[in-house]
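> Chains as they are written, first to last, in the numbering used here: chain A, 79 to 367; chain B, 11 to 405.
The set of hints was computed from the structure by calculation and includes no laboratory data.
These numbers were taken from a predicted model, which means no experiment stands behind them.
Just so you know, even glycine gets a beta-carbon here, dropped at the ideal spot from N, CA and C.
Wrong hints could be hidden among the right ones.
[What the hints assert, rightly or not] Lysine-lysine pairs mimicking BS3-like chemistry, simulated, CA-CA at most 25 Å apart:
(1) B:Lys379 - B:Lys367
(2) B:Lys180 - B:Lys367
(3) A:Lys167 - A:Lys156
(4) A:Lys200 - B:Lys392
(5) B:Lys180 - A:Lys200
(6) B:Lys349 - B:Lys395
[Unchecked claim] Coverage of chain B stretches by chain A, computed from C-beta distances (three or more under 8 Å per stretch; other residues unrestricted):
(7) 224-234
(8) 257-263
(9) 270-281
(10) 385-399
[As the list claims (entries may be wrong)] Derived Cβ-Cβ restraints for the label pairs, each shown as a range:
(11) A:Phe347 - B:Glu356: 33 to 39 Å
(12) A:Phe181 - B:Gln109: 46 to 52 Å
(13) A:Gln131 - B:Pro151: 37 to 43 Å
(14) A:Val352 - B:Pro296: 57 to 63 Å
(15) A:Leu87 - B:Glu209: 32 to 38 Å
(16) A:Val205 - B:Lys395: 37 to 43 Å
(17) B:Ser235 - A:Tyr338: 55 to 61 Å
(18) B:Glu87 - A:Val230: 41 to 47 Å
(19) A:Gly204 - B:Gly75: 32 to 38 Å
(20) A:Val352 - B:Asp308: 57 to 63 Å
(21) A:Ile149 - B:Asp110: 54 to 60 Å
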Amino acid sequence: MEQIIANGLYLGAQYALIALGLTLIFSLMNVLNFAHGQMYVFGGFVTYTVVVQLGLPFIVGLFASAVVLAIMGAAIEKFLFAPVVRRSKRDESTMLLAAGVAFFLDAVILLFFGEKQRGVPKIVNGVLNLDMRIIMPYDRILIGVLAILLIVAFIAFMNYSRTGRAMRALAQDKMAAQLMGVNVSRYSMIGFALGAMLAGLVGGLLVTITGVNLGMGGPTSVKAFLMIMIGGAGVISGAIAGGFILGMMESVGLTVLSAYGDITYLVIFASLMVFLAVRPQGLMGKPWG
Amino acid sequence: MHKRTFLKISALAAATMLSMPLMAYAQNATLKVGFVGVTSGPAASWGVSNQRSMETRAAWLNELGGVKIGDKTYNIEIVPFDDQKDPKRAIAGMEKMAQDGVHYVVGPNVDDGAAAVRPVAEQNGIMYFPYAFPKELFTAPASNAILGMVANYQSGPAIYKFLKENKGVKKVAFVAANESDPLSQRESGIAAAQALELEVVSGNVTYQVDTTDFTPVLLPVIQASPDLLVLSGVSPANAPQLIRSARELGYTGLISTETGQDASVLLEGAGELADGFISVGGASTPELASDTMTEFVDRYTKMFGEYNDESNTKVYALEYILETLKANPAAIDNVDEFKKTMDTFEAANPFMKGDAKLKYVGMTSFGQKRQVSVPLVVNEYKGGKFETLFVGTVD
Numbered sequence: 079m080e081q082i083i084a085n086g087l088y089l090g091a092q093y094a095l096i097a098l099g100l101t102l103i104f105s106l107m108n109v110l111n112f113a114h115g116q117m118y119v120f121g122g123f124v125t126y127t128v129v130v131q132l133g134l135p136f137i138v139g140l141f142a143s144a145v146v147l148a149i150m151g152a153a154i155e156k157f158l159f160a161p162v163v164r165r166s167k168r169d170e171s172t173m174l175l176a177a178g179v180a181f182f183l184d185a186v187i188l189l190f191f192g193e194k195q196r197g198v199p200k201i202v203n204g205v206l207n208l209d210m211r212i213i214m215p216y217d218r219i220l221i222g223v224l225a226i227l228l229i230v231a232f233i234a235f236m237n238y239s240r241t242g243r244a245m246r247a248l249a250q251d252k253m254a255a256q257l258m259g260v261n262v263s264r265y266s267m268i269g270f271a272l273g274a275m276l277a278g279l280v281g282g283l284l285v286t287i288t289g290v291n292l293g294m295g296g297p298t299s300v301k302a303f304l305m306i307m308i309g310g311a312g313v314i315s316g317a318i319a320g321g322f323i324l325g326m327m328e329s330v331g332l333t334v335l336s337a338y339g340d341i342t343y344l345v346i347f348a349s350l351m352v353f354l355a356v357r358p359q360g361l362m363g364k365p366w367g
Numbered sequence: 011m012h013k014r015t016f017l018k019i020s021a022l023a024a025a026t027m028l029s030m031p032l033m034a035y036a037q038n039a040t041l042k043v044g045f046v047g048v049t050s051g052p053a054a055s056w057g058v059s060n061q062r063s064m065e066t067r068a069a070w071l072n073e074l075g076g077v078k079i080g081d082k083t084y085n086i087e088i089v090p091f092d093d094q095k096d097p098k099r100a101i102a103g104m105e106k107m108a109q110d111g112v113h114y115v116v117g118p119n120v121d122d123g124a125a126a127v128r129p130v131a132e133q134n135g136i137m138y139f140p141y142a143f144p145k146e147l148f149t150a151p152a153s154n155a156i157l158g159m160v161a162n163y164q165s166g167p168a169i170y171k172f173l174k175e176n177k178g179v180k181k182v183a184f185v186a187a188n189e190s191d192p193l194s195q196r197e198s199g200i201a202a203a204q205a206l207e208l209e210v211v212s213g214n215v216t217y218q219v220d221t222t223d224f225t226p227v228l229l230p231v232i233q234a235s236p237d238l239l240v241l242s243g244v245s246p247a248n249a250p251q252l253i254r255s256a257r258e259l260g261y262t263g264l265i266s267t268e269t270g271q272d273a274s275v276l277l278e279g280a281g282e283l284a285d286g287f288i289s290v291g292g293a294s295t296p297e298l299a300s301d302t303m304t305e306f307v308d309r310y311t312k313m314f315g316e317y318n319d320e321s322n323t324k325v326y327a328l329e330y331i332l333e334t335l336k337a338n339p340a341a342i343d344n345v346d347e348f349k350k351t352m353d354t355f356e357a358a359n360p361f362m363k364g365d366a367k368l369k370y371v372g373m374t375s376f377g378q379k380r381q382v383s384v385p386l387v388v389n390e391y392k393g394g395k396f397e398t399l400f401v402g403t404v405d
């Protein structure tokens, strides 16, 4: 039981961090960023390149992932999403653009980083073994703790910084925020950059544990959408809750249901369908948006 | 002769001489060989290594002046199609090959894709070389598919027998991705283990291919205390993570798979935890690789920046197509001629040392020669590279 909880918490921390960036972009711009998973993969590859190819310390790789993805996110928002949002009133325009960006990033990743699975060697060796009740490698503990610290830092940034407050105001009521002097286009760009940066950071963190490959983008996006649907789209606390709930459900399912074959995600999706039928706005979302 | 006339004649002569090699190159006819397989997504590594092997070898042969088949010399053109591991796309790819007049296709890489393209290939006179194992593709009445590698039901029993006799393995556990290929490989692996009177202590645990943490997946498997953990049909992307999770959970037994793997991927993903991992390889171990194979690896690396160990096996399909066509030039646009030649075909194997031969096999498994003969090399990973554990053959 302790092992299941430990696995669930570790998975939840990484999932929550992935979902945060996606929900931030959604809350600010009402854009479903289908390329979020590809951004995560790109971040992993940047860290891999810096650490393995260039031989620099892991922290430098992580920093490089954050910077590269923030710049990429800002550029994508400024040159792609902002013009489309300005000119088109239809939500599907941005959805199609996001899908296009996802395919484009897949192609770029194949071109620059190749088709192989890549990984960064373990940053910490050794395994925590508490009488076989909990077995957890130290690197996972470290990554889990770092993920939680990043979540805390993100919440603090959103609550106490001027930029964070402006973005929250924008997410709550764009018109009112604009009337209060918030520069919508500027903070939309910062928000998108921040969301992409979070995706890159998770990719950089997890490349030391799970590795990274070209095909991880799509499934990662699907899981991220799953989390924000559970927690409530566009709600920061909802994304965190969704991440931990999904992590825990996955951990429990894989252990308890293993005897019945690979039905964990079948059960999760079925449960989600029932849940959304009862509460379509998710746990913490508002019915009106 | 006027100076101006002399200059004109000299310039014309120089231009003619410079264009001669180009003209010779252009004079060759073109032989299109197709590739329909997965070059994107999580299994991209399988198809990309196929396509790049073909492109490397084709460029090399074209550079040497082309391939002489009968009284004509051909430049080889590779026509690739990414089926995205989707059977519907694989059918579209095979139809494209038919429209382009391609009669020889390498791929698809997975079971459902290979099964899906069968009607298209048979109706349009296409021989194809899948890297997929369903026996019905290779047994009569099917006759257009040629297995491009050693199947798991051929390598698995050999590996288990070796480990039973040499490493004292008694209890085996299987874990597979929840997809058709790994699941069918798991089933045949379990049957092979049971035939050898090994105890199967876990055989129903599966995982999603996009799993990022294998600890919860492997926990119940490791608790069954197997001597050998078989990663059925594992992709190169998942193998290092599974190995790492198993070792971190305290598993000290043997781990093996019947699929090809890549040493650099194992090194990066699992490091020394992958030491002792047993997998099926190709013909590039130092003991087996010929100078041609070594040059192929060099050329591949120059063309694409990095070699892929899976190409040790993937290099063979194009060679078999070309050598069989050389043996019977009438097969160039008639696959029935190709089929007739297969029964007696034999040519020197350029990729192996000694007097190894290229020939079609498969009588024991399929009742007809519908498999390329590649060495069954079983490798053990150690310190960042593969070491040959044993070499077998398939008849």
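> The structure should be examined with respect to each hint, and the outcome stated for every one.
Against the structure, the hints:
1. Between the alpha carbons of Lys379 (chain B) and Lys367 (chain B) the distance comes to roughly 15 Å, so the proposed pair stays at or under 25 Å and holds.
2. Between the alpha carbons of Lys180 (chain B) and Lys367 (chain B) the distance comes to roughly 36 Å, so the proposed pair goes past 25 Å and is violated.
3. This hinted pair checks out: Lys167 (chain A) and Lys156 (chain A) have alpha carbons roughly 17 Å apart, not beyond 25 Å.
4. Restraint check for Lys200 (chain A) and Lys392 (chain B): the C-alpha separation of about 18 Å stays at or below 25 Å, so the hint holds.
5. As the CA atoms of Lys180 (chain B) and Lys200 (chain A) are separated by approximately 32 Å, the hinted pair breaks the 25 Å bound.
6. In summary, the hint linking Lys349 (chain B) to Lys395 (chain B) is not supported, as the alpha carbons are separated by about 38 Å, beyond the 25 Å threshold.
7. Residue count for the segment 224-234 of chain B with a Cβ under 8 Å from a Cβ of chain A: 5. That meets the three needed, and the coverage hint holds.
8. For a cut-off of 8 Å, the count of residues in the segment 257-263 of chain B with a CB near a CB of chain A stands at 3, and the three-residue condition holds.
9. Residues of the segment 270-281 of chain B with a Cβ under 8 Å from some Cβ of chain A number 7, which satisfies the need for three, so the listed coverage holds.
10. Proximity of the segment 385-399 of chain B to chain A, defined as three or more residues with a beta carbon under 8 Å from a beta carbon of that chain, is not established by the 0 residues found.
11. Our hint of 33 to 39 Å for Phe347 (chain A) and Glu356 (chain B) is violated, since their Cβ atoms are close to 54 Å apart.
12. Look at Phe181 (chain A) against Gln109 (chain B): about 25 Å separates their beta carbons, and that is not inside 46 to 52 Å.
13. Checked against the hint of 37 to 43 Å, the C-beta distance between Gln131 (chain A) and Pro151 (chain B) comes to roughly 52 Å, which is inconsistent with it.
14. Hint check: Val352 (chain A) to Pro296 (chain B), Cβ distance near 59 Å, so the stated range 57 to 63 Å holds.
15. Judged by the Cβ atoms, the range 32 to 38 Å given for Leu87 (chain A) and Glu209 (chain B) holds: they are separated by roughly 35 Å.
16. For the pair Val205 (chain A) and Lys395 (chain B), the supplied restraint of 37 to 43 Å is violated, since their beta-carbon distance comes to about 26 Å.
17. For Ser235 (chain B) paired with Tyr338 (chain A), a C-beta distance near 22 Å fails the hint of 55 to 61 Å.
18. Distance hint for Glu87 (chain B) and Val230 (chain A): a CB-CB separation of about 58 Å, inconsistent with the stated range 41 to 47 Å.
19. Taken as a hint, the range 32 to 38 Å is violated for the pair Gly204 (chain A) and Gly75 (chain B), whose Cβ atoms sit roughly 59 Å apart.
20. Checked against the hint of 57 to 63 Å, the C-beta distance between Val352 (chain A) and Asp308 (chain B) comes to roughly 58 Å, which is consistent with it.
21. The hint said 54 to 60 Å for the Cβ distance between Ile149 (chain A) and Asp110 (chain B), and at roughly 42 Å that hint is violated.
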